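Construct the entire structure; sequences and hints are all you get.
Going line by line, the protein sequences match chains A and B. Using my numbering, the letters of the first sequence correspond one by one to residues 1 to 442. Using my numbering, the letters of the second sequence correspond one by one to residues 1 to 413.
Hints were generated in silico from the structure; no laboratory data involved. A quick note: this is a predicted structure, and the numbers were derived from the prediction, not measured. Fair warning: there could be bad hints in the mix.
[Stated by the list, open to error] List time: in silico EDC-like cross-link candidates among lysine to aspartate or glutamate, alpha-carbon distance up to 16 Å: (1) B:LYS67 with A:GLU22; (2) B:LYS67 with A:GLU23; (3) B:LYS339 with B:ASP377; (4) B:LYS402 with B:ASP333; (5) A:LYS55 with B:GLU68; (6) A:LYS55 with B:ASP211; (7) A:LYS37 with B:GLU367; (8) A:LYS37 with B:ASP368; (9) A:LYS157 with A:GLU358.
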Amino acid sequence: MNDKKKYLTEAIKPYTPLLAMEEASRCLLCHDAPCSKGCPAGTNPAKFIRSIRFKNIKGAAETIRKANILGGVCARICPYDKLCEEACSRTGIDKPIEIGRLQRFATDFEQAIGMKILEAPEATKEKVAVIGSGPAGLAAAANLALMGYKVTIFEEKSTPGGVLTYGIVPSRLPQNIVDQEIRYVKDLGVEFKLDCKVGKDITLDELKSEGYVAFVLSIGLQQPKLINIPGINLEGVTTAIDFLAAAKPNNGNIDVSQNVIVIGGGDVAMDCATTAKLLGANKVSIVYRRTYEEMPANKDEVRYVSELGVNIIYGFTPKEIIGDNGKVVKLKAVGFKDDSLLELKADKIIFAIGQIAENSKEIADLNISIDGKNLVLANEETCETNIENIFAAGDVVNEGKTVVEAVAAGKAAADSLNKYLTSLREVQSDDTEVVAEKKGVK
Amino acid sequence: MVKHKDLSIEFCGVKCENPFFLSSSPVGSNYDMCSKALETGWGGIVYKTIGVYIPDECSPRFDNTRKEATPFLGFKNMEQISDKPLEKNLEMMAKLKKDYPDKILIASIMGENEEEWKKLSKLVTEVGADIIECNFSCPQMTSSTMGSDVGQNPELVKKYTQSVCSATHLPVMAKMTPNIGNMEIPAIAAVKGGAASISAINTIKAITRIDFNHYTAMPVVNGKSSISGYSGKAVKPISLRFIAQMAQHPDLANIPLSGIGGIENWEDAAEFLMVGARNLQVTTAIMQYGYRIVEDMISGLSYFMQAKGFNSLDEMVGIALDNIIPAEEIDRDFKIIPKIDEDVCVGCGRCYISCYDGAHQAIEWDEDNRRPSITDDCVGCHLCMNVCPIEGCITPGEVKFKEGRDPHEVIVG
Numbered sequence: 001m002n003d004k005k006k007y008l009t010e011a012i013k014p015y016t017p018l019l020a021m022e023e024a025s026r027c028l029l030c031h032d033a034p035c036s037k038g039c040p041a042g043t044n045p046a047k048f049i050r051s052i053r054f055k056n057i058k059g060a061a062e063t064i065r066k067a068n069i070l071g072g073v074c075a076r077i078c079p080y081d082k083l084c085e086e087a088c089s090r091t092g093i094d095k096p097i098e099i100g101r102l103q104r105f106a107t108d109f110e111q112a113i114g115m116k117i118l119e120a121p122e123a124t125k126e127k128v129a130v131i132g133s134g135p136a137g138l139a140a141a142a143n144l145a146l147m148g149y150k151v152t153i154f155e156e157k158s159t160p161g162g163v164l165t166y167g168i169v170p171s172r173l174p175q176n177i178v179d180q181e182i183r184y185v186k187d188l189g190v191e192f193k194l195d196c197k198v199g200k201d202i203t204l205d206e207l208k209s210e211g212y213v214a215f216v217l218s219i220g221l222q223q224p225k226l227i228n229i230p231g232i233n234l235e236g237v238t239t240a241i242d243f244l245a246a247a248k249p250n251n252g253n254i255d256v257s258q259n260v261i262v263i264g265g266g267d268v269a270m271d272c273a274t275t276a277k278l279l280g281a282n283k284v285s286i287v288y289r290r291t292y293e294e295m296p297a298n299k300d301e302v303r304y305v306s307e308l309g310v311n312i313i314y315g316f317t318p319k320e321i322i323g324d325n326g327k328v329v330k331l332k333a334v335g336f337k338d339d340s341l342l343e344l345k346a347d348k349i350i351f352a353i354g355q356i357a358e359n360s361k362e363i364a365d366l367n368i369s370i371d372g373k374n375l376v377l378a379n380e381e382t383c384e385t386n387i388e389n390i391f392a393a394g395d396v397v398n399e400g401k402t403v404v405e406a407v408a409a410g411k412a413a414a415d416s417l418n419k420y421l422t423s424l425r426e427v428q429s430d431d432t433e434v435v436a437e438k439k440g441v442k
Numbered sequence: 001m002v003k004h005k006d007l008s009i010e011f012c013g014v015k016c017e018n019p020f021f022l023s024s025s026p027v028g029s030n031y032d033m034c035s036k037a038l039e040t041g042w043g044g045i046v047y048k049t050i051g052v053y054i055p056d057e058c059s060p061r062f063d064n065t066r067k068e069a070t071p072f073l074g075f076k077n078m079e080q081i082s083d084k085p086l087e088k089n090l091e092m093m094a095k096l097k098k099d100y101p102d103k104i105l106i107a108s109i110m111g112e113n114e115e116e117w118k119k120l121s122k123l124v125t126e127v128g129a130d131i132i133e134c135n136f137s138c139p140q141m142t143s144s145t146m147g148s149d150v151g152q153n154p155e156l157v158k159k160y161t162q163s164v165c166s167a168t169h170l171p172v173m174a175k176m177t178p179n180i181g182n183m184e185i186p187a188i189a190a191v192k193g194g195a196a197s198i199s200a201i202n203t204i205k206a207i208t209r210i211d212f213n214h215y216t217a218m219p220v221v222n223g224k225s226s227i228s229g230y231s232g233k234a235v236k237p238i239s240l241r242f243i244a245q246m247a248q249h250p251d252l253a254n255i256p257l258s259g260i261g262g263i264e265n266w267e268d269a270a271e272f273l274m275v276g277a278r279n280l281q282v283t284t285a286i287m288q289y290g291y292r293i294v295e296d297m298i299s300g301l302s303y304f305m306q307a308k309g310f311n312s313l314d315e316m317v318g319i320a321l322d323n324i325i326p327a328e329e330i331d332r333d334f335k336i337i338p339k340i341d342e343d344v345c346v347g348c349g350r351c352y353i354s355c356y357d358g359a360h361q362a363i364e365w366d367e368d369n370r371r372p373s374i375t376d377d378c379v380g381c382h383l384c385m386n387v388c389p390i391e392g393c394i395t396p397g398e399v400k401f402k403e404g405r406d407p408h409e410v411i412v413g
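Written out as structure tokens, the structure is:
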């Protein structure tokens, strides 16, 4: 397989039915399965693995899909080792059940046979708007549609999916999986308004006047974080957001340079390194300031990039970028804990050290409470903000956790929004009764 | 250097270098196959049943059952006796005996009437077979004058055995069908007809699975299928039972038995020996894995003999028979309470589920610590031990005598 194809093809092979059965047979089928308590999105691995074991793959898909509209996405990118698999009882014998791969098997099966699991009731409830179509927004929208709301997602980009579409490397998450799950959301009656940035192309007040009565703010973290060092503005210095967002929608048809340095140690940094390496960079290095143990990236991903030939340098932080004729030629880095010096040749330097939020006051409401980092101050469990009809979910609240946590937050936001509008409806109907009584109708 | 045990054993007056034989089936269909098997270490072969009748086989003709991902729990076949011309088979048998004089050749035959049985008996005697096996038991013959329909009829078994014996000086072995309640009846009939030995079991009439597209059994032959013979690991317990019952029957005392049914490793082999078989025949495991499996049967059995101090297989044959007793003679004075090793336990709770749903609700579950504990309601059934996925986690513990019973020494398994 050539490298371009490798970039576009999922690195981890799918289970065949027999392999899935073999893995499901390793499951101890626990009485009080701890794996099922480990999922933020409330997926029940114990139940879907048992379904696979007893040859009910459709039932398995149903269990997953009902809990998680992005079940196929999460099957691929969840940090299982830190969630359900960490809790697996089988670990007491040898190694945990590969829950993620089994989930992928079931959701692939669902897709392959065109199974339709979720069906939304007729949308008889109010119009609600979801701002941002990343994982939190998609989950919120799907759950609201399932409750009977008329849901519209507003997305500034031309393709929905947020980080799923513009971020995560296809060898981990192929775009067709993202597209498929967005289709599930659409099939529930959710409308997508693309190329429409709320706060710029349309204001919240205009949305209100169009009849939208409540909002989910799930705009993620759009702005790259940079550090202020000499040379940061040189040509060839870029950010993970820009780099990945160019690569994935173009199916990898981009020009990567020969000597690429990625700064950072998270999954995004690994995705940048993978992308650069597979799309033709001659030499790719990751420079990370802390140690291997402290590196937040999934260890399987670290292993994967290492196997691709990416050189990972620990313990250094960028100090200066040297340029020639306005273009990057070299990175100077200094020891994070000592004064060691490092000089690396480079014609592209990608900063993957995190993202920051855009100002929600400009997007949603001048009065919404945000903190110094532009994060929306919301109750992490209920997603309530200081404004009663705005609920905030996902990275814009938690500063960037996992996709599955964004899904969980989106579900929670949908529940809270529903609770809010339900109580409003009850108050209104009480009022109507009072008025009616006064008029002597009753 | 490891010294291997002598696995030789005498069977029907014939000295065999080991008890491992191919059973009459596709695995011993021609000279090349048998030759390869003998070279690999098999002590002898029961050549695929020959007859005057030449079958017309179907395609496909096999199926297997699974549990979870494990294939070949059991195996179904629709093949009949050899489809090669009689002369060709006789030629190959003669060559085998000539090329492998120290290995044992058992000729399996099947006739449709007394004349055919006699003719076949005479022919295989002439080619130099050591023993003749009468196939009274193939359940998928397309003629009711042959196969298990014959084996279910003691008069026919006796009559045809007599025919065979009348045309040979060789020891004759009658192969029994398990598609019957009491195998002792046709076995005794065969002995009365002159059989020197009994082999069992042939395959069990079965339907392995239903095909959900064509609503028929498996394998699907142009949209249809038939009931036919089931073999392999799944049938071993049934075969062990038949062998033990025959070995324990006074009218069959001293009749050497050849055990067939689900043997694939030395443990299976030892089990058959212990319930009274002196010879062991294998097909299904060979079809799945090849002749090479005999290497570990020989080596494994030899190590087992060393470990247990057996000097010959004779010392093992039938050793379990005295300990397999009628249900009414079982000591029912006590219960053995299982004990759970909390350090080994991984907290899956399978014992708790099974004890509740399938036994006596005698395990309590500690939700906080995820550990089971056995209560006074335990009857000592040991279902928990059977379902526990952890080796050595649940083991037999305290022996408690039922009220009013005299405490005595109890052997704990």
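Evaluated hints:
1. For the hint linking LYS67 of chain B to GLU22 of chain A, the alpha-carbon distance of about 10 Å falls within 16 Å, and the restraint holds.
2. Taking the CA atoms of LYS67 of chain B and GLU23 of chain A, the gap is near 13 Å; set against the 16 Å cutoff, the hint holds.
3. Straight-line distance between C-alpha atoms of LYS339 of chain B and ASP377 of chain B comes to about 14 Å, which keeps the hinted pair within the 16 Å bound.
4. Annotation: proposed proximity of LYS402 of chain B to ASP333 of chain B holds, straight-line Cα distance about 6 Å (limit 16 Å).
5. A distance of roughly 9 Å separates the Cα atoms of LYS55 of chain A and GLU68 of chain B; the hinted pair therefore holds under the 16 Å criterion.
6. With a C-alpha separation of about 15 Å, the suggested pair LYS55 of chain A and ASP211 of chain B falls inside the 16 Å cut-off, and the hint holds.
7. Between the alpha carbons of LYS37 of chain A and GLU367 of chain B the distance comes to roughly 13 Å, so the proposed pair stays at or under 16 Å and holds.
8. Between LYS37 of chain A and ASP368 of chain B, the direct Cα distance comes to roughly 13 Å. Compliance with the 16 Å bound is thereby established for this hinted pair.
9. Distance hint between LYS157 of chain A and GLU358 of chain A is fulfilled; the C-alpha atoms sit about 15 Å from each other, no more than 16 Å.
The structure fails none of the hints (numbered hints given earlier).
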